[in-house]
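Top to bottom, those sequences are chains A and B. Counting from 1, position 231 in the first sequence corresponds to residue 231 in the working numbering; the numbering is continuous, with no gaps. Position in the second sequence (from 1) plus 239 gives the number in the working numbering.
A hint or two may mislead.
[To be verified] Examples of chain B residues lying across from chain A (beta carbon under 8 Å, computed):
| no. | residue |
| --- | --- |
| 1 | Ala315 |
| 2 | Glu324 |
| 3 | Val329 |
| 4 | Pro361 |
Keep in mind that the hints were calculated from the coordinates and are not lab data. Just so it is clear, CB atoms sit at the ideal spot from N, CA and C, and this is done for glycine as well.
There are 2 protein chains.
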Amino acid sequence: MAVVKLTLEYDGTEFAGWVPQPGRRTVEGELRAALDQVYGGWSRLAVAGRTDAGVHALGQVASFQAEKGPPLERAAAALNSALPEDLAAVSAETAPEDFSARFSARARSYRYRIWRCATASPFERRRSLWWPRPLEEDALAESAALLLGKHDFRAFTPTETEHDVFVRTVSEAEWRRDGEVLEFRITADSFLRHMVRTLVGTMLEAEPAAFGQLLEGRPREVAGSTAPPWGLYLEQVYY
Amino acid sequence: MAVVKLTLEYDGTEFAGWVPQPGRRTVEGELRAALDQVYGGWSRLAVAGRTDAGVHALGQVASFQAEKGPPLERAAAALNSALPEDLAAVSAETAPEDFSARFSARARSYRYRIWRCATASPFERRRSLWWPRPLEEDALAESAALLLGKHDFRAFTPTETEHDVFVRTVSEAEWRRDGEVLEFRITADSFLRHMVRTLVGTMLEAEPAAFGQLLEGRPREVAGSTAPPWGLYLEQVYY
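Construct the complete structure from the given sequences, taking the supplied hints into account.
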């Protein structure tokens with residue numbers, strides 16, 4: 001009985017998110033179907049980040065326990081032949097018996113991609129937020145710097161939430177410009193539902209001083225809008 | 240009566256190519272519908288490169304004569320509000336009375352994108368050819384160099400072709416590597432149907448010496464396969 005640590009990449013456009021839902025196409029649903037095909041038996045499926053509908057992943061991590069199945073060096077290829085084209089197994093490794101992609105994760109990184117060109121790009125649709133209006137990049141940098149450290153993020157998750165604890169520790173938060181692309185990168189121990197998207201939506205709308213005041217446990221109504229899912233990428237998970 | 244020179248970008252995935260066909264969604268068909276909406280009257284529509292189904296464009300150029308319509312500085316935005324998301328007007332300029340996007344073009348550049356990673360990428364599907372097998376990049380560079388100058392390319396276009404003249408002059412041809420992406424770039428006065436795709440398919444299969452022998456008016460059967468359309472981009476048109 002080996003535990004397999006699987007790194008996944010997916011284009012979130014045509015998925016109703018990670019979590020299985022009856023009658024909807026979800027990432028976990030497709031992964032389960034592929035595991036059924038490739039492994040004789042498997043159990044204890046866990047995932048680092050339960051991404052929402054439309055959210056992408058470059059380095060999502062899932063884990064499961066397998067009884068029999070292909071040798072590890074051929075596991076990713078075997079899964080890929082069973083997975084749809086918009087979901088790929090990038091690598092498969094063995095992990096310790098007590099490894100869980102969810103509970104063993106020390107930190108996660110997300111990035112949010114914004115397209116700054118005056119014209120919307122056919123190649124950027126569904127992969128970034130198109131924002132042709134002016135933006136104060138210095139102010140965005142200031143807001144990002146305020147995120148570092150421990151804060152109560154309850155203003156940045158829906159009120160009807162399943163979370164009990166709203167404090168998270170942010171170890172990296174910055175905006176980077178590369179040509180017409182402006183990208184926000186954030187690393188934290190874990191994230192609340194919609195947290196990155198609401199942080200981005202609020203930074204785009206609010207002055208740094210006002211934004212900073214929202215980081216200490218304010219109600220949801222005072223934060224800004226939730227940026228759309230198609231700009232968001234789960235980038236990496238740290239163990 | 241002004242002539243408008245329009246630069247277009249499109250994701251070719253969901254188009255049955257440029258040329259209008261009954262019952263099919265084509266780039267020209269969508270552009271005509273947008274022109275009808277935005278301009279009171281228009282005529283003499285011309286295009287630099289009649290791309291095939293699935294082929295993309297970063298800098299396609301079309302021209303038309305307009306009677307009335309929005310001021311030039313708002314023309315691209317007005318067209319974009321009438322165009323679908325996978326087709327964008329990047330810019331609109333005035334051109335001389337006798338300008339034709341097709342006949343005034345001095346040269347066109349294409350690029351062909353190949354994804355060299357062992358794993359297919361969900362973000363590269365439909366945008367590059369996935370080629371995980373070994374490739375001799377030195378040999379590809381040698382083949383590309385042989386393309387420079389004047390050659391008879393009849394081996395690289397379907398036998399049932401509408402072309403009369405098969406000689407083309409290539410001014411740039413090279414392979415470039417950027418991370419996991421290998422890209423072929425070619426500039427010529429004009430191109431035969433399927434020419435870039437068949438050049439790429441043949442270079443991937445044949446030794447430079449054998450490839451070089453195909454450049455002097457050989458029959459279609461002796462050249463290699465036609466690489467799939469989703470790796471091909473019309474990059475730029477020169478006037």
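Structure-based check of all given hints:
{"no.": "1", "hint": "Ala315", "result": "holds, 7 Å"}
{"no.": "2", "hint": "Glu324", "result": "holds, 5 Å"}
{"no.": "3", "hint": "Val329", "result": "holds, 5 Å"}
{"no.": "4", "hint": "Pro361", "result": "holds, 4 Å"}
In this structure, every one of the numbered hints holds.
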